[in-house]
Amino acid sequence: MGGEKIRERKRDRWQKRDKEKSKGQRHREKDSYREKATGRCRRQAVGIAEVRGRRHGRALRIPVQAPLLFMGLLTTGLAQLQIPASTSRGFWALPENMTVVEGAAAELLCGVSAPGSVVQWAKDGLLLGPDPRIPGFPRYYLVGDPTRGEFHLHIEACDLSDDAEYECQVSRSETGLELVSPRVILSILVPPKMLQMTPEAGSTVTWVAGQEYEVSCVSGDAKPAPDITFLQSGQIISDITANVDEGSQEKLFTTEATARVTPQSSDNGQLLVCEGSSPALNAPIKVSVTMNVLFPPGPPVIEWPGLDEGHVRAGQNLELWCMARGGNPPATLQWLKNGQPMPTAWGMEHAQAVARSMLVMMVRPEDHGTRLSCEAHNSVSKGIQERGVTLQVTFPPSAITILGSASQSENKNVTLSCITKSSRPRVLLRWWLGWRQLLPTEDTVMDGLHGGYISMSNLTFLVRREDNGLTLTCEAFSEAFTKETFKKSLTLNVKYPAQKLWIEGPPEGQLLRAGTRVRLVCLAIGGNPDPSLTWYKDSRMVTEPRLPQEPRRVQLGNLEKSGSIVSRELVLVTSPSDNQAKFTCKAGQLSASMQLVVQFPPTNLTILANVSVLRPGDALNLTCVSVSSNPPVNLSWDKEGEKLEGITSPPRSAPFKGSAAARSVLLRISSGDHGHRVTCRAHSTRLRETVSAFYRLNVLYPPEFLGEQVLVVTAVEQGEALLPVSVSANPAPEAFNWTFRGYRLSPAGGPRHRILSSGALQLWNVTRADDGLYQLHCQNSEGTAEALVRLDVHYAPTIRALQDPTEVNIGGSVDIVCTVDAKPILPGMFNWERLGEEEEDWSLDDMEELSRGSTGRLRIHHAKLAQAAQDYALFTCTATNPLGSDHTNIQLVSISRPDPPSGVKVVSMTPYSVGLEWKPGFDGGLPQTFQIRYEALETPGFLYMDVLPPQATTFTLTGLQPSTRYRVWLLASNALGDSGLADKGSQISITTPGLDQPPEEPDYQLPTEQPVGFSELPLMPVLFAVGGLLLLSNASCVGGFLWQRRLRRLAEGISEKTKADSKEDRIRNDYEESQWTEDLDNRSSTVNTKDMEPYYHSMKDFSPQLLSTLEEVSRPRGFTGLEEENLVFPGHLYDEVGRLNTPSGTWGPLYDEVQLGPCGLCWPEDEYENPKGIYNQVAGDVDPVEMDSLPFELRGHLV
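Quick note on the numbering used here: the sequence shown kicks off at 1 and runs consecutively.
Honestly, I wouldn't trust all of these hints.
[Stated by the list, open to error] Derived pair list, reagent style PhoX-like, types lysine-lysine, alpha-carbon separation capped at 25 Å:
1. Lys-657 with Lys-639
2. Lys-500 with Lys-412
3. Lys-337 with Lys-193
4. Lys-487 with Lys-421
5. Lys-495 with Lys-561
6. Lys-382 with Lys-500
7. Lys-421 with Lys-495
8. Lys-586 with Lys-495
9. Lys-487 with Lys-586
10. Lys-483 with Lys-500
11. Lys-500 with Lys-421
12. Lys-582 with Lys-487
13. Lys-382 with Lys-537
14. Lys-251 with Lys-193
15. Lys-537 with Lys-500
16. Lys-123 with Lys-286
17. Lys-643 with Lys-586
18. Lys-495 with Lys-537
19. Lys-537 with Lys-561
20. Lys-337 with Lys-286
21. Lys-537 with Lys-487
22. Lys-483 with Lys-412
23. Lys-412 with Lys-537
24. Lys-500 with Lys-582
[What the hints assert, rightly or not] Distance windows between CB atoms, simulated:
25. Lys-657 with Thr-460: 54 to 60 Å
26. Glu-833 with Gln-718: 54 to 60 Å
27. Glu-544 with Pro-724: 29 to 35 Å
28. Arg-172 with Leu-94: 49 to 55 Å
29. Lys-919 with His-861: 35 to 41 Å
30. Arg-552 with Pro-343: 57 to 63 Å
31. Gly-783 with Pro-724: 41 to 47 Å
32. Asp-308 with Ile-384: 53 to 59 Å
33. Pro-497 with Gly-315: 29 to 35 Å
34. Ser-649 with Pro-497: 51 to 57 Å
35. Gly-707 with Ser-813: 33 to 39 Å
Quick caveat, the hints were computed from the structure, so don't treat them as lab data. Given the structure is predicted, the values throughout are model-derived calculations rather than measurements. Note that CB positions come from ideal geometry on N, CA and C, so glycine has one too.
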């Protein structure tokens, strides 16, 4: 009813609004009509003018598209309109207001009687034009027969844009004025497209029955506003409120309605529908939600099987159903036992909306009086609904017990009691002996557990031997348990003793040896129960060993019965304890015995010592005691097989009825007795058996090195060495300390050694520096001991010291010395060879080969130049031992005074100085220096100036006077003397310019005498001289080439010979420093040519600033006594020059980098040192051997 009223009110408002709109639009359309008509006339005029202009071929700039279109439509309309001129003007059919549903077609009528006029429609004042197809409006077109004046407006698929006012207009013509129809309204009805519901449509809402909920529904855009109705389970809800609002577009409306809903249990699963109706709809649109209404279930019901509710018997499998109808969610059923929940399952029958739960339980006696209840509830229940039942349980006695013993001796009373467990109802008791019923002495009933009763019956009767083995039964019965019988039975046991007992075994007095297996059997006749046969040994019960690991010397058999005879066996292996032992078998009051005689060797042989700690020199008294034996034994002593004499004690009684003996011996202890065994032997002649025991001597003594201790160990260089230790000590040595040349080797080991657990010293990568004595120090708690072990390291030869080249004066004698470092050093290990230019071996017949220890010599007498074309001699020294070989080459060169320099010339000159240049001559095989001697011709005396650096070939002589004539000599000197003044090529005369003359720099030699002209020289000597010079130069070139080739071949030969050496040659040490020979009596020295490099004296800090000085008559000019003393080249030939004061800056800048020590040019004075001496220290402490060979500058001419 409320929804219909709302729809009526909406319809009234809509019609009223349409009427007001129509009136306003009519007034507005009249005003606009005049304006539009005026505009149409103007547009028509413009169009005509444009057509006319086009006909005259002129283009007008006025936009004429719309007028032309209008004129074309007008012309077409006029051509189609054929109305007689006599017909009256007017509408014969007028349009009317029309309502159309969106999407349907609409047609507005317009019938006109107006010949010669143009008919068109206007929409809200907008002229649509006379064209039947109405351009711009594809859904609009004119229908009807124009010849009859039918100009109906047809609109297809109307939509909201077509909702407007329309009028039909007729243009003015010759027959009359324009005509305009009344305005009509085309109303377009727009149905709602959707309804939006809250809660969401199509969903399921969960509500609780009886509670109020609010539901809203909003319609989509529609025209007119739709009506909304709510239906709950098919019933219209009256309590709703609705509001109409404007839609998303003009002329559209939405309706929002709200309803209040109170669901009931009957609404569960039903629909709540929102229904929207509108004139534009043929049928209402609907949306809905499904109501899930929660409501409590009904009360539970228990289905009891049978008529007597609650009555049940123990042992019965009880099945009870609990049901609860209705409820959403379905009821949750819970079984409880005395208020405690029970684990049960429950289910739901959806068709009947019934929840079911089954309780299955095994009824027990203790369930008597138990209350079983079923509870039903769900999530919306305000309380728990419950239904219960109390159990009444019937149960028999679970057990019958007979108290008392059914075993009794004959002719005595037996008293028994029969007691039942609790039962409901109570039971009665009766006794049976076999098939004979016995009368009870007393019956009693007591309250029992679980509401039941306990029955008890007492019985006393006299037993006889013939009752033995009968069954005694107590029976319980009741009317409630007619089909069941409850009994408890016992077997009556009447006791009576055995009649006879005896033992079967070895004959009495038989001698048994220890270890013999003896079998004893005990037998008894009669008795009940069977007699329990027990064995005793001297009043102690015999039992078997309890632990499995114990020897089974006793085996006790089980009781065995054969007929009326019962037996038990005892098997034993005789031992000393069985001697004279009494074995007894007992059965109740009966017993039987037997005694054994056992012979046995000593049970224990013990050695007693008077002292516990032994050291060398102590006296040890040992006593051997034989604890017990049968028969007696004889005792004897021996030590490691050596018989010892002792003192025997008299025999005495001992355990096991045997005999004891003792014997003593006295020993004097030494360290050699450690570990020896002193043995005591006990021999039984009758048993033919000997028992022995020994006492091991533990002698404490300090370490003692054994005779097999190795004192010398030989090793090969780069190999391994093991220095063994053979030492005896007790206790074992605590530490082994090795010392080498005063240095203790680390016990923890090192890179090349380790001390083994046995004390042995292991070395690897052995070098010759490891050769020597190693001291071993052993220590224990008793003392210390020391030993020396020599390590002898063998290695291949290495030539250690020589002088290369060896210098000799022509015609003199010289020793070419070759010193080797090798081990072992063998006689004849040196071999000498002499090589020529083509490397052929030369004869050594005129030379003497000497060898002493590690030094080999090749002695040459009366040295001479072998050939004119051969200016050198090369000797090869080879040293060989079993581990390899080494060789080197030594040159023999000659020495002499230097040749005078030549080609002295002046290269510059000033009033105070002159620059000289010259060519040095042959240096005599020794380093040479230069000295200038000059004199002023007008002044007596000579002045001298040393040339520095020594090897310079140019020098500036300073300290001269202007305009003075001088004579200058150039001298060359070496360790053997100077070149002398006889050569004219080494002197020159000069005259210094005056102070007013410019300085001169002549590049020529000023002759001291007029040179001899070419024409004055004899021709043949000159030619011979020139030819000799050419031959000399060619020979020099050829000799140099041959010398280079020979050196290359010599190097290749040395390489091949080294490869051919023995395998041990590869492991020799790289000690390549050179040593001086043992003597210098012939001023010869050797240098290893393999490592030889040019020797230069450093002149870095030597900067002499010298002035010339006058010559002294006593000035030395050479050296004598060359054969008796070492040849020394003095640091300064003229000491008086060094003592002069030199002006600052005279020579300093020229020689700032020259350094010459005071012994820079000294011959070495060291004597040859035996190569073994360098190993007297530990390898790590050996000082490096410096190479101090003959300076390169002092080497002479090759012989």
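Going down the list of hints, with the structure as the test:
1. With a C-alpha separation of about 32 Å, the suggested pair Lys-657 and Lys-639 falls outside the 25 Å cut-off, and the hint is violated.
2. Restraint check for Lys-500 and Lys-412: the C-alpha separation of about 24 Å stays at or below 25 Å, so the hint holds.
3. The straight-line distance between the Cα atoms of Lys-337 and Lys-193 is roughly 62 Å, outside the 25 Å bound, and the hint therefore fails.
4. Using a Cα cut-off of 25 Å, the hinted pair Lys-487 and Lys-421 holds, with the two alpha carbons roughly 12 Å apart.
5. Proximity of Lys-495 to Lys-561 is assessed by CA-CA distance (about 17 Å); at most 25 Å being required, the pair is judged to hold.
6. About 92 Å separates the Cα atoms of Lys-382 and Lys-500, which puts this hinted pair outside 25 Å; it is violated.
7. Of the supplied pair hints, the one linking Lys-421 and Lys-495 is violated, its CA atoms being roughly 31 Å apart against a limit of 25 Å.
8. For a cut-off of 25 Å, the pair hint linking Lys-586 to Lys-495 stands: about 18 Å separates their Cα positions.
9. Simply put, Lys-487 and Lys-586 have alpha-carbon atoms about 40 Å apart, too far for the 25 Å limit, and the pair is violated.
10. With a CA separation close to 53 Å, the supplied pair Lys-483 and Lys-500 exceeds the 25 Å bound.
11. Under the criterion of a C-alpha separation no larger than 25 Å, the hint pairing Lys-500 with Lys-421 is inconsistent with the structure, at around 47 Å.
12. Among the hinted pairs, Lys-582 with Lys-487 is inconsistent with the structure: their alpha-carbon atoms are about 52 Å apart, more than 25 Å.
13. About 89 Å separates the Cα atoms of Lys-382 and Lys-537, which puts this hinted pair outside 25 Å; it is violated.
14. Between Lys-251 and Lys-193 the CA atoms are separated by roughly 15 Å; this keeps the pair inside 25 Å, and the hint holds.
15. Taken as a hint, the Lys-537 and Lys-500 pair is honoured in the structure, with Cα atoms around 21 Å apart against an allowance of 25 Å.
16. The hinted pair formed by Lys-123 and Lys-286 fails the criterion: a straight-line CA distance of about 36 Å is larger than 25 Å.
17. Taken as a hint, the Lys-643 and Lys-586 pair is broken in the structure, with Cα atoms around 54 Å apart against an allowance of 25 Å.
18. A C-alpha spacing of about 28 Å is found between Lys-495 and Lys-537, which places the hinted pair above 25 Å, so the restraint is violated.
19. This hinted pair checks out: Lys-537 and Lys-561 have alpha carbons roughly 24 Å apart, not beyond 25 Å.
20. For the proposed pair Lys-337 and Lys-286, the alpha carbon gap of about 54 Å is over 25 Å, so the pair is violated.
21. Pair hint Lys-537 plus Lys-487 does not hold up; C-alpha atoms about 48 Å apart against a cutoff of 25 Å.
22. Pair hint Lys-483 plus Lys-412 does not hold up; C-alpha atoms about 38 Å apart against a cutoff of 25 Å.
23. For the proposed pair Lys-412 and Lys-537, the alpha carbon gap of about 36 Å is over 25 Å, so the pair is violated.
24. At most 25 Å may separate the alpha-carbon atoms for a hinted pair to count; Lys-500 and Lys-582 meet this at roughly 20 Å.
25. For Lys-657 and Thr-460, the Cβ-Cβ distance of about 57 Å falls inside the hinted range of 54 to 60 Å, so the restraint holds.
26. Checked against the hint of 54 to 60 Å, the C-beta distance between Glu-833 and Gln-718 comes to roughly 29 Å, which is inconsistent with it.
27. Taken as a hint, the range 29 to 35 Å is violated for the pair Glu-544 and Pro-724, whose Cβ atoms sit roughly 59 Å apart.
28. Judged by the Cβ atoms, the range 49 to 55 Å given for Arg-172 and Leu-94 is violated: they are separated by roughly 19 Å.
29. Between Lys-919 and His-861 the beta carbon distance is about 37 Å. The supplied range of 35 to 41 Å therefore holds.
30. Take Arg-552 and Pro-343: their Cβ atoms lie about 59 Å apart, and the range 57 to 63 Å holds.
31. Restraint check, Gly-783 to Pro-724: a C-beta distance of roughly 22 Å breaks the suggested window 41 to 47 Å.
32. Hint check: Asp-308 to Ile-384, Cβ distance near 28 Å, so the stated range 53 to 59 Å is violated.
33. In this structure the supplied range 29 to 35 Å is violated for Pro-497 paired with Gly-315, their Cβ-Cβ distance being about 49 Å.
34. Against the hinted window of 51 to 57 Å, the Cβ-Cβ separation of Ser-649 and Pro-497 comes to about 55 Å, which satisfies the hint.
35. A hinted range of 33 to 39 Å is violated for the C-beta pair Gly-707 and Ser-813, which are about 56 Å apart.
Of the numbered hints given earlier, the model fails hints 1, 3, 6, 7, 9, 10, 11, 12, 13, 16, 17, 18, 20, 21, 22, 23, 26, 27, 28, 31, 32, 33, 35; all others are met.
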